[in-house]
Every structure is written in C-alpha cells, then in structure tokens.
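The lines below spell out each chain.
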Amino acid sequence: MKRADAIEEIMKIIRDWDIVVSNLGHPSQELYKIKHREGNFYMLGSMGLASSIGIGISLAIERSLKEGKKQRGKKRRESMVVVIDGDGSILMNFGTLATLGVVRPRRLVLAVLDNKSYGSTGFQKTYTCMGLDISEVAKACGIEKTYKLKEKSGLRKVLRKSLNELNGPYCIVVEVEKGLREELPPIPLKPRIIKKNIKNFIRRWIL
Amino acid sequence: MGRYSDIDKKVYDRIKEGGVNFVVSVPCKFLAGLISLVEDDKEIIHIPVTREEEGIGICVGAFLGGMKPAIFMQNSGLGNSLNAIMSLVNLYGIPIVFIISHRGVEGERFIAQKPMGSITKDILNIADILWIEMKDQRGIPEIPRIIKIAWKREKPVAILFPIKFWGGQANKKGDKA
Numbered sequence: 001m002k003r004a005d006a007i008e009e010i011m012k013i014i015r016d017w018d019i020v021v022s023n024l025g026h027p028s029q030e031l032y033k034i035k036h037r038e039g040n041f042y043m044l045g046s047m048g049l050a051s052s053i054g055i056g057i058s059l060a061i062e063r064s065l066k067e068g069k070k071q072r073g074k075k076r077r078e079s080m081v082v083v084i085d086g087d088g089s090i091l092m093n094f095g096t097l098a099t100l101g102v103v104r105p106r107r108l109v110l111a112v113l114d115n116k117s118y119g120s121t122g123f124q125k126t127y128t129c130m131g132l133d134i135s136e137v138a139k140a141c142g143i144e145k146t147y148k149l150k151e152k153s154g155l156r157k158v159l160r161k162s163l164n165e166l167n168g169p170y171c172i173v174v175e176v177e178k179g180l181r182e183e184l185p186p187i188p189l190k191p192r193i194i195k196k197n198i199k200n201f202i203r204r205w206i207l
Numbered sequence: 001m002g003r004y005s006d007i008d009k010k011v012y013d014r015i016k017e018g019g020v021n022f023v024v025s026v027p028c029k030f031l032a033g034l035i036s037l038v039e040d041d042k043e044i045i046h047i048p049v050t051r052e053e054e055g056i057g058i059c060v061g062a063f064l065g066g067m068k069p070a071i072f073m074q075n076s077g078l079g080n081s082l083n084a085i086m087s088l089v090n091l092y093g094i095p096i097v098f099i100i101s102h103r104g105v106e107g108e109r110f111i112a113q114k115p116m117g118s119i120t121k122d123i124l125n126i127a128d129i130l131w132i133e134m135k136d137q138r139g140i141p142e143i144p145r146i147i148k149i150a151w152k153r154e155k156p157v158a159i160l161f162p163i164k165f166w167g168g169q170a171n172k173k174g175d176k177a
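Just so you know, the sequences run in chain order A and B.
Be aware that the first sequence starts at 1, since it is given in my numbering, and climbs by one per residue.
Be aware that the second sequence starts at 1, since it is given in my numbering, and climbs by one per residue.
With the rest of the complex left out, here is chain A:
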C-alpha cells in the first residue's frame, strides 16, 4: 500500500475523540485531503518533532483524565494520540524512541509509515533503505508493543487493539511504497488556526 492508503485506514479506525499528529510535508497534506478534522495537528515545520508533540499531548491528557476533570455532564472520552510519522523524521529525532521506551506514555500510538525515503524532498534514500530496521530499534529502546507490518488487514487489527487496550506506548512500523497516490494541494490553514482547533478539540472532548 502507499502511505496515503495507510493514512486512510488509520482514519477509518480512529474514534471521533482521538487526536492525530501528522509529520510535515506529504503526510500532513495527505491527512488533510483524506480526512480533515479539528483533532488533527498538522505539523508544518520542525522536522522530527511529530512524535515529541504527540508525547506531550498524551502526557497532558493522561494527567487531566487521571484528575477526573469532567466535561459538564458529557461522557469523558478515553482519547488516544495517534502520531503519523515517517522514517526520515524518526531518524532526525532518534532520541524519541528512547524517550518512548523510558517514559512510556500510555495514550500514544506512533505509526511510522516507512517508505524508505525522504519523500517531500525528492525521495532520497533514508537509512531504512540501507538496512536499518526501526522496529528493532524501538524494541531495543524498551517499546514492548512494537509491530512491523505491510498489509492493511494487519494495520487495522493492530491499531484497533491498541486503541481499545489504552495501554501503550505502541509503535507500529508500516512498510509502505514510495510515492504519492494523487496530487496534493498545500494545507490552506494558518498555523494559529491549527493550534486553536486542536486546543478547542481537546477542551471539548477531554478537559
């Protein structure tokens, strides 16, 4: 499958109250086109930090949910944070795998959509094209719930299980083909709007 196919599967499975953080470049543009929603944080710069942003959000909502803050009579939702990340991005912030393995944020699914390339800059090869296996690094860092797969059915199964179990972190390395599925327009949203959207979303569903 192509990365856009993987993103589509992910977005079919996540619940209305889950938060999605997407990597800069093509992944964010694909996510915007496939299923834009207020709960999507489109990272536009700062390559490598999608997973870190996801870690921060998951720790914050874990604290809020633990403190039992209720939402004016509405049912409290057990939200998860799903990070749509890439191989090049993980390589640039390699320490993030260590942080995930040590800090262990429960409400986090890190989906590494591995196309073995830096897609947004012209598909130059990354180390995963030269023998590096990110899932092995993740396991060595102590992320016990690490999966490596390439079929849609496998992705659906693992993601569903992760969202229901609520006991991460989960690292799902999905091998995807290089290339775009279709033409991608740039995201028209201003960064401050993206920020406002996600803060409102979290306030509405969780805080």
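Please keep in mind that the hints were generated in silico from the structure rather than gathered at the bench.
Among the hints, a few may not be true.
Stated by the list, open to error - Far from chain B, by Cβ distances over 10 Å, these chain A residues were calculated:
| # | residue |
| --- | --- |
| 1 | Lys116 |
| 2 | Gly122 |
| 3 | Arg192 |
Unchecked claim - Distance ranges between label pairs, derived from CB positions:
| # | chain 1 | residue 1 | chain 2 | residue 2 | range |
| --- | --- | --- | --- | --- | --- |
| 4 | A | Met92 | B | Ser118 | 44 to 50 Å |
| 5 | B | Arg153 | A | Pro185 | 30 to 36 Å |
| 6 | B | Glu154 | A | Ala140 | 37 to 43 Å |
| 7 | B | Lys164 | A | Pro185 | 31 to 37 Å |
| 8 | B | Gly2 | A | Gln124 | 24 to 30 Å |
Here the structure is a predicted model, which is why all the values come from computation and not from measurement.
Where a beta carbon is used, it is the ideal one built from N, C-alpha and C, also for glycine.
Once you've looked at the hints, dock chain B against the given chain A.
Same frame as chain A, but now just chain B:
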C-alpha cells in the same frame, strides 16, 4: 531526596507561582538544585529528555493538551533548538518558559562554553523571545510576572541565570554531586 540550596528553592517556588505545571529538562551543573526539586515534586509532570529540541516538541504537545510548560536547560541547548523555536514555537504561537542557565559568561572556567555564551542573548533577540536576566536574588520576585506574560501572549519567554547569580554555591554543590 535531592540537594538544593535556599536560592534554588526560592526560584523554584516562584516558577510554580507563575503557573508552570509541566517541565522538561536537560541538565546543567548550575540547575542541579532546580532539577532535584522538580524531580521530587509530585504536583509537576517532569520529563528528562535526550535533547533540548526534543524537549521543546514535548512542551508544545503539553501546551496543546492544556498544560503550562517550562524547559530547564543550559544556554548551549538554544543552538540545538533553533528550528523548533522558529518553525514550531513561534510559527504557531506556543508559550514555553525557558529557564536557562547562562554559561560562557563571567565566571566561566570552560573555554568551550564561551562561543555560545557570547551569542545567547543575540539568539534570543533574533528568535523574538522576550528575555530577562537574573543578575542576583533581588530579581527572583519578578519571576511569576514574567512567566505570566508567556501565557497571556501565547509566546515564549526566557529567564537567564548567569553564573554569578548562583554566587559561590553552585561550585560547591557541583563538586559534591
């Protein structure tokens, strides 16, 4: 239980008074007391991180999730974080409180600290980060007011602690640790 001085405690209490409830840290010898205090504080979420840039990403997430984040770091880490500051923190407008130990200035013994030490304030200026320098203890009561500016403007602020702020104390506790 960690080691900290009276000055560390005064600074720490004011940081909390400013509203900070989430801290990431990369150690500096001069911040050992503050880090020790935050490690033992159950009210605050504290995440030691591998690199300042990573820490800034985590702080951004924490803010989006409703918290009020700070990073305890050495000024050298500013160099490691500039892209995150410009294309994430400033681009989206995220308030992060930078508690920065300023090395490479008066009192510095290590030559490698001097290059970054000499451009730290320039970096903060170029990055449009409002900063204040704590020359001595008399500035401590200002800390909450400065921190609250960050939340109000949804922009980062930095509080610089140069070597001489800690007086002779830092050297003592650095050697004991």
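Evaluated hints:
{"no.": "1", "hint": "Lys116", "in the structure": "holds (24 Å)"}
{"no.": "2", "hint": "Gly122", "in the structure": "holds (20 Å)"}
{"no.": "3", "hint": "Arg192", "in the structure": "violated (6 Å)"}
{"no.": "4", "hint": "A/Met92 with B/Ser118: 44 to 50 Å", "in the structure": "violated (28 Å)"}
{"no.": "5", "hint": "B/Arg153 with A/Pro185: 30 to 36 Å", "in the structure": "holds (32 Å)"}
{"no.": "6", "hint": "B/Glu154 with A/Ala140: 37 to 43 Å", "in the structure": "holds (39 Å)"}
{"no.": "7", "hint": "B/Lys164 with A/Pro185: 31 to 37 Å", "in the structure": "violated (54 Å)"}
{"no.": "8", "hint": "B/Gly2 with A/Gln124: 24 to 30 Å", "in the structure": "violated (46 Å)"}
Of the numbered hints listed earlier, those contradicted by the structure are 3, 4, 7, 8.
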